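Here the protein sequences line up with chains E and D, keeping their order. Residues 0 to 310 (numbering that gives the first Met the number 0) are what the first sequence spells out, left to right. Residues 0 to 76 (numbering that gives the first Met the number 0) are what the second sequence spells out, left to right.
Note that these hints are calculated values from the structure, not bench results. None of these values were measured; they are calculated from a predicted model. We put the beta carbon where it would ideally sit given N, CA and C, even for glycine. Hints are supplied without guarantee of correctness; some may be wrong.
[To be verified] In silico contact screen, one side only, chain E against chain D (beta carbon under 8 Å); selected entries:
1. Leu-38
2. Ala-44
3. Asn-45
4. Gly-61
5. Glu-80
6. Phe-81
7. Glu-83
8. Gly-129
9. Arg-130
10. Leu-137
11. Cys-138
12. Ala-142
13. Lys-211
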Amino acid sequence: MKEHIKKDVVIIGAGMAGLTAALYCGRMNLNTLVLENGLIGGQIANATDIENYPGFVSVRGGDLISTVQTQAENFGAVIDEFDEIEKVSLKSMPKIIETQENIYEADVVIIASGMNRRKLPLPEEKKFAGRGVHYCELCDGHAYDGKIIAVAGGGNAAVDAANFLTKYAKKLYLIHRSEFRADEVSQKKLRANDKVTIMLQTEIKALRGNKKLEEVEVLDKKSGETKTLLIDGIFVNIGVEPNTKLFKDELQLTASGRIPAGEDCRTEIPGVFAAGDVREKQIRQLTTAAADGTTAALLAEKYLAKLKETI
Amino acid sequence: MVKVYTTATCPYCAKVKRYLKSKDVEFEELDIEKDPAAREACKKLTGMDWAVPVTTIDNETFVIDYDKEELDKLLCL
Numbered sequence: 000m001k002e003h004i005k006k007d008v009v010i011i012g013a014g015m016a017g018l019t020a021a022l023y024c025g026r027m028n029l030n031t032l033v034l035e036n037g038l039i040g041g042q043i044a045n046a047t048d049i050e051n052y053p054g055f056v057s058v059r060g061g062d063l064i065s066t067v068q069t070q071a072e073n074f075g076a077v078i079d080e081f082d083e084i085e086k087v088s089l090k091s092m093p094k095i096i097e098t099q100e101n102i103y104e105a106d107v108v109i110i111a112s113g114m115n116r117r118k119l120p121l122p123e124e125k126k127f128a129g130r131g132v133h134y135c136e137l138c139d140g141h142a143y144d145g146k147i148i149a150v151a152g153g154g155n156a157a158v159d160a161a162n163f164l165t166k167y168a169k170k171l172y173l174i175h176r177s178e179f180r181a182d183e184v185s186q187k188k189l190r191a192n193d194k195v196t197i198m199l200q201t202e203i204k205a206l207r208g209n210k211k212l213e214e215v216e217v218l219d220k221k222s223g224e225t226k227t228l229l230i231d232g233i234f235v236n237i238g239v240e241p242n243t244k245l246f247k248d249e250l251q252l253t254a255s256g257r258i259p260a261g262e263d264c265r266t267e268i269p270g271v272f273a274a275g276d277v278r279e280k281q282i283r284q285l286t287t288a289a290a291d292g293t294t295a296a297l298l299a300e301k302y303l304a305k306l307k308e309t310i
Numbered sequence: 000m001v002k003v004y005t006t007a008t009c010p011y012c013a014k015v016k017r018y019l020k021s022k023d024v025e026f027e028e029l030d031i032e033k034d035p036a037a038r039e040a041c042k043k044l045t046g047m048d049w050a051v052p053v054t055t056i057d058n059e060t061f062v063i064d065y066d067k068e069e070l071d072k073l074l075c076l
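Could you build the full structure based on these sequences and the hints that come with them?
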C-alpha cells in the first residue's frame with residue numbers, strides 16, 4: 000500500500016535547475032521534495048572541467064553539484080534519488096505524483112527533468128555497448144589507456160570528453176557529422192593536441208568487430224569517400240533529448256519535445272513550472288539552469304502564498 | 000557477500016553504493032583501476048574488458064550499471 004504524503008513543492012529532476020530550485024524553496028521554509036531517478040547533477044555529473052560557472056576558475060561537475068546538493072539539503076529539501084515516478088497528474092489540485100513507493104500530493108510542481116543523452120543510431124550499437132561503445136568517459140576512459148579512441152559529436156560535451164580522454168589515448172579521433180558547436184576555448188585546446196585528428200562533416204556508418212569493437216566505417220560527406228578507422232573504443236556524445244515523456248499527456252510540448260514556458264518558467268498549468276534545459280528557450284547553460292531554478296522557486300512561493308490567501 | 004566493482008570517478012558507481020547503503024546491504028567494493036586482480040575478476044565475470052559499476056552476489060550473476068529493477072532482483076530486495 001502506497002503512502003500519501005503532502006508536500007508544498009515537488010521538484011522533478013536534480014540537475015542544476017532542480018537543485019537550485021530546491022535550495023531556494025528550502026530556504027523559504029517550503030516543504031520540498033526532489034525526485035531524481037538518474038544521476039544527481041544530471042548532465043554535469045559527468046563534466047570534467049567547468050570553466051564558465053562564475054565563482055570557479057575550474058571545477059569538476061560532480062564537485063559543483065555536490066555543493067549545491069549540500070546547500071539544498073542544509074535548507075531542509077529532501078532529495079530522493081531511488082524512487083521512480085510512475086505517473087503524474089498536474090491539472091488536479093493538489094497535483095499528484097505517483098512513484099513506485101509513494102503518492103505525493105503537492106501544490107506546486109517544478110519540472111526540471113533535463114535532457115537524456117542520445118544513443119548512437121546504429122543497429123550494432125547494442126552489440127558493442129560496454130564492449131567498445133561508451134557514454135561515460137569518467138567511468139570507462141581509463142580502460143583505454145594507451146589505446147586508440149574515437150569520440151562522436153561536436154558540441155561542448157563531446158569536445159570536453161575528447162579533451163579529457165587525450166590523457167589516456169595514444170591517438171584520438173573526433174568524428175562529427177557537421178561543424179563544431181563547442182565553445183572556441185575547448186576547440187582550441189583540442190586542436191592543439193597532436194594526438195588528435197578532427198574529422199568534421201563525417202558520418203559514422205558502421206561499427207565492426209568480433210567480440211568487441213575493432214573498427215568504425217566513416218563517410219567523409221564532402222568528398223564522398225568511405226574510410227575504415229581501427230579503434231579500440233568510441234565515446235558517444237551526439238546530443239541530448241528532452242526528458243518529457245512523463246508529461247506528454249499533461250502539457251503541450253514544443254516540436255523539439257520541450258515544455259513551452261516563458262522567462263517566468265510558468266507553464267500553461269497554474270502551479271506547474273518548467274526550469275532548465277527542459278524549458279523551451281534559446282540559451283541552455285549551467286548558469287541559465289541555475290537562473291531558471293531561482294525564478295521557478297521564487298514564483299512558486301508567490302503562487303503558494305496567493306493560494307493560501309484564497310483558501 | 001555482495002561485491003561491487005567500481006572506479007573512483009564513476010558517478011554511477013557512487014549511485015549504486017548509495018543505493019545499497021540505503022537498503023542496508025553490506026558489500027565489498029573493489030576498485031578495478033587500483034586492483035589488477037579485481038579488474039581480471041570483473042572481466043572474467045562480465046566478459047567485458049572494462050565495465051563499472053558491476054554488482055554481483057555469487058560471482059556468477061551480475062548487474063551492470065545502476066539498474067534498480069535488476070539490482071532488486073539480484074539482491075532479493
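| Per the CB criterion, is Ala-44 (chain E) less than 8 Å away from chain D? | 5 Å, holds
| field | Restraint outcome when Leu-137 (chain E) is required to lie within 8 Å of chain D by C-beta distance | value | 5 Å, holds
| query | Holds or violated: is there a CB of chain D closer than 8 Å to the CB of Gly-129 (chain E)? | reply | 5 Å, holds
| message | So, as I understand it, the hint says Ala-142 (chain E) touches chain D; can you test that by seeing if any CB pair is closer than 8 Å? | response | With a minimum Cβ separation of about 3 Å from chain D (threshold 8 Å), the hint on Ala-142 (chain E) holds.
| field | Interface hint status, Lys-211 (chain E) versus chain D (Cβ within 8 Å) | value | Lys-211 (chain E) check passes; min Cβ-Cβ to chain D is 7 Å, inside 8 Å.
| field | Residue hint Gly-61 (chain E), partner chain D, criterion CB-CB below 8 Å | value | 6 Å, holds
| Hint check: 8 Å Cβ-Cβ cutoff, Phe-81 (chain E) to chain D | 6 Å, holds
| query | Do the numbers back the hint for Arg-130 (chain E), that is, is its least Cβ distance to chain D under 8 Å? | reply | 6 Å, holds
| request: Could you check if Cys-138 (chain E) really has its C-beta closer than 8 Å to a C-beta on chain D? | output: Cys-138 (chain E) check passes; min Cβ-Cβ to chain D is 4 Å, inside 8 Å.
| task | Would you check whether Asn-45 (chain E) satisfies its interface hint, that is, whether its CB is within less than 8 Å of any CB in chain D? | result | 6 Å, holds
| query | Does the CB of Glu-83 (chain E) sit less than 8 Å away from some CB of chain D? | reply | This hint holds: Glu-83 (chain E) lies near chain D, its Cβ roughly 7 Å from the closest one there, short of 8 Å.
| Do the numbers back the hint for Glu-80 (chain E), that is, is its least Cβ distance to chain D under 8 Å? | 7 Å, holds
Checked against the numbered hints above, the structure breaks none of them.
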